[in-house]
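Engineer: Numbering-wise (the numbering used here), the sequence shown opens with residue 119 and increments by one.
One thing to keep in mind: the hints can contain errors.
The following label-pair restraints were derived from C-beta to C-beta distances [to be verified]:
#1 Gln285 to Glu320: 24 to 34 Å
#2 Gln436 to Asp485: 21 to 31 Å
#3 Glu320 to Arg289: 53 to 63 Å
#4 Asp295 to Asp494: 47 to 57 Å
#5 Gly503 to Gln304: 45 to 55 Å
#6 Glu450 to Val579: 49 to 59 Å
#7 Arg487 to Asp169: 13 to 23 Å
#8 Arg517 to Thr146: 39 to 49 Å
#9 Thr146 to Leu340: 32 to 42 Å
#10 Glu320 to Glu462: 39 to 49 Å
Hints in this document: simulated from the structure, not taken from any laboratory.
Each residue gets a CB set at the ideal place from its N, CA and C atoms; glycine is no exception.
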Amino acid sequence: MSPVAELVRTQVDLGGLMRVLANNMYSTPEVVVRELVQNAHDSCTRRRLEDTSAPEARILVVPDAAAGTLSIVDNGAGLTREEIDRYLATVGAGYTGRLRAAGADAGLIGQFGIGFLSAYVVSTRVDLYTTSFQTPQEAWHFSSAGGERYTVAPHTAQDVGTRVVLQLSERFRPLCDAPTLEALLQRYCCLLPMAIHVGSPERPAINRPPPPWRETEAHSPLRRRTLERAFAARFEQRFEPLCTLPVASGNGGSARGLLWLQDGATYGTSDNRNLSVFVRGMLVSRDARELLPEWAGFVGGVLEADALTPTASREDVQRDAAFDVTAEQVRECLIDGLSRLAREDETTWRRLLQRHNEALLGAALCDERLFTLLADALKVPTTEGDLTLPAVRRRSGGRLHASTGESGGPEEVLCRALGVPVVDSGRYAALPFTRRWAERQGLPVLQLGTREGNAALFPRVQLEPAQEERLRALFAEDGVELVPSRFSPPALPLVLVPDREAELKAKLEADTADKRIGAAVLSLARGFTATLSSRAQARLYLNVDAPTLQALLAAPEDRARSAARLLSGLCTLLSHRDERAGAPSVASALEGISAALCALLPPSA
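All chains, full assembly: derive it from the sequences and hints.
Structural biologist: Okay, here's the thing in structure tokens:
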């Protein structure tokens with residue numbers, strides 16, 4: 119007969135658990151202010167739900183720097199003697215959870231029954247004085263140092279409600295400073311509907327006026343924008359709000375709030391997203407940027423999203439289905455707001471385009487509606503300055519040219535001579551944006567430096583065999599393919615263009631490539647270059663319409679050779695960017711020019 123397994127109850131080290139929860143639950147001890155105000159709020163909400171004669175809710179936070187105490191006072195439901203043991207002194211239990219289970223969820227914040235633990239993080243002792251609305255003739259005094267043990271004793275009768283007094287540790291005495299305390303409360307509790315006062319109930323509430331989306335008073339459009347920008351300025355620390363965009367419930371989500379566009383220049387990869395999330399009026403996260411689209415690096419906002427579920431520490435929200443729904447809602451509200459801005463506020467729209475042109479290039483590629491909105495308004499970097507694509511098209515005679523990502527190539531020299539803008543492919547989002555725009559217009563994008571692009575820029579022509587043979591005799595060079603062509607301007611007789619694919623193949627096959635590139639990447643790259651046929655290092659495009667070249671064909675042999683050497687040297691200087699394998703050096707080009715000039719000039723008498 120096999121032995122019977124013994125069922126043993128798990129043991130809990132209460133002291134160790136309390137220390138872990140109290141000291142490691144929260145990222146900053148400042149949240150004690152939030153947690154205790156939250157408890158006071160839920161106590162007032164409970165009383166409103168259960169006591170038909172409940173007075174208007176009141177929460178008072180009183181700092182006493184001389185005594186080193188911080189008090190939170192409310193006129194909520196209070197606690198009976200039994201409830202002190204069952205809810206206040208039991209980790210993980212709270213009356214709020216019981217109300218939620220019964221279906222009463224009207225504005226309650228707490229969920230986990232552990233917020234009161236934060237009081238022990240900053241205090242040497244916690245005293246709580248409470249009178250329940252159920253037993254208004256009884257008052258109780260709860261006291262604990264550290265949370266492992268506590269005492270409860272009858273207390274002198276007081277008004278219904280609760281007063282929590284923290285005897286702050288020396289290092290947390292700054293919480294007694296009234297301005298510091300007000301700043302914390304404004305950060306965490308500014309959206310709570312119940313008035314919160316600091317120091318005295320006669321002082322103005324720190325969470326007034328209400329946020330713009332809760333305003334019940336009708337305002338003019340100008341006044342409404344002023345209120346929204348003032349509210350946004352409280353949360354945007356680095357930039358001035360350029361304009362505001364409301365977030366309304368809908369698009370599958372129930373969140374409300376305010377977005378704003380930052381009035382500060384950004385680059386395409388800048389990420390200055392700034393989104394604060396409140397759940398049931400209490401700040402849960404000051405950096406919920408993931409709820410904003412990745413392309414919205416110039417957007418800030420405040421969101422009130424009760425459908426989101428806070429983490430246990432209430433310093434973030436869970437990434438669940440409700441999170442995804444809210445993110446989709448925010449994205450839709452942002453796109454709708456940008457579209458409305460373009461239609462209704464041309465001045466602000468122009469400022470937005472000026473401040474965030476590069477970031478908007480990337481944004482337009484992420485959403486078809488944004489691309490439609492921005493396609494003709496955004497500028498791309500070109501050799502002729504930043505231009506809209508319609509302007510590039512006009513100045514290019516109906517064609518679009520783009521670089522290969524390295525500026526200064528000989529093809530770009532040609533385009534500059536013609537005044538044709540070349541889109542800088544090396545800049546953020548410029549090339550894919552140009553391609554998308556060109557596709558919509560039914561236009562090709564000639565990418566300079568590629569075989570296809572150069573074939574369109576330098577169309578090959580057929581010469582008489584004798585002419586072609588003489589040009590080869592004059593300009594033939596190892597590793598260079600001669601291509602008779604016609605291109606503008608006629609004053610440019612020839613252009614030397616390196617073969618970028620041949621350059622890539624040479625680099626990858628060099629011995630040092632193995633040290634610079636990972637083995638897996640190098641293997642893939644060599645798989646591609648293996649398909650490239652062995653070919654010339656560069657192509658020399660000869661402009662058969664150039665008067666210089668026609669004169670050279672008609673010149674005597676000795677003068678033609680000297681002129682060809684001079685032209686080849688000048689061509690090398692124009693096209694030179696680096697010491698490519700097989701390319702003539704600058705020094706040899708200068709030597710050739712000097713020798714050609716000496717041969718062409720008559721000797722001195």
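Engineer: Cβ-Cβ distance between Arg517 and Thr146: within 39 to 49 Å?
Structural biologist: 59 Å, violated
Engineer: Would you say the C-beta atoms of Thr146 and Leu340 sit inside 32 to 42 Å of each other?
Structural biologist: 39 Å, holds
Engineer: Falls inside 13 to 23 Å, the C-beta gap from Arg487 to Asp169?
Structural biologist: 51 Å, violated
Engineer: Tell me if the beta carbons of Gln436 and Asp485 are separated by a distance inside 21 to 31 Å.
Structural biologist: Hint holds: Cβ distance 26 Å, inside 21 to 31 Å.
Engineer: Is the distance from the Cβ of Glu320 to the Cβ of Glu462 consistent with 39 to 49 Å?
Structural biologist: 44 Å, holds
Engineer: Tell me if the beta carbons of Glu320 and Arg289 are separated by a distance inside 53 to 63 Å.
Structural biologist: 32 Å, violated
Engineer: If you check the beta carbons of Gly503 and Gln304, does the distance land in 45 to 55 Å?
Structural biologist: 46 Å, holds
Engineer: Has the hinted range 47 to 57 Å been met by the Cβ atoms of Asp295 and Asp494?
Structural biologist: 55 Å, holds
Engineer: So does Glu450 sit 49 to 59 Å from Val579, Cβ to Cβ?
Structural biologist: 55 Å, holds
Engineer: Per the hint of 24 to 34 Å, is the separation of the Cβ atoms of Gln285 and Glu320 within bounds?
Structural biologist: 26 Å, holds
Violation of the numbered hints given earlier is confined to hints 3, 7 and 8; the remaining hints are satisfied by the structure.
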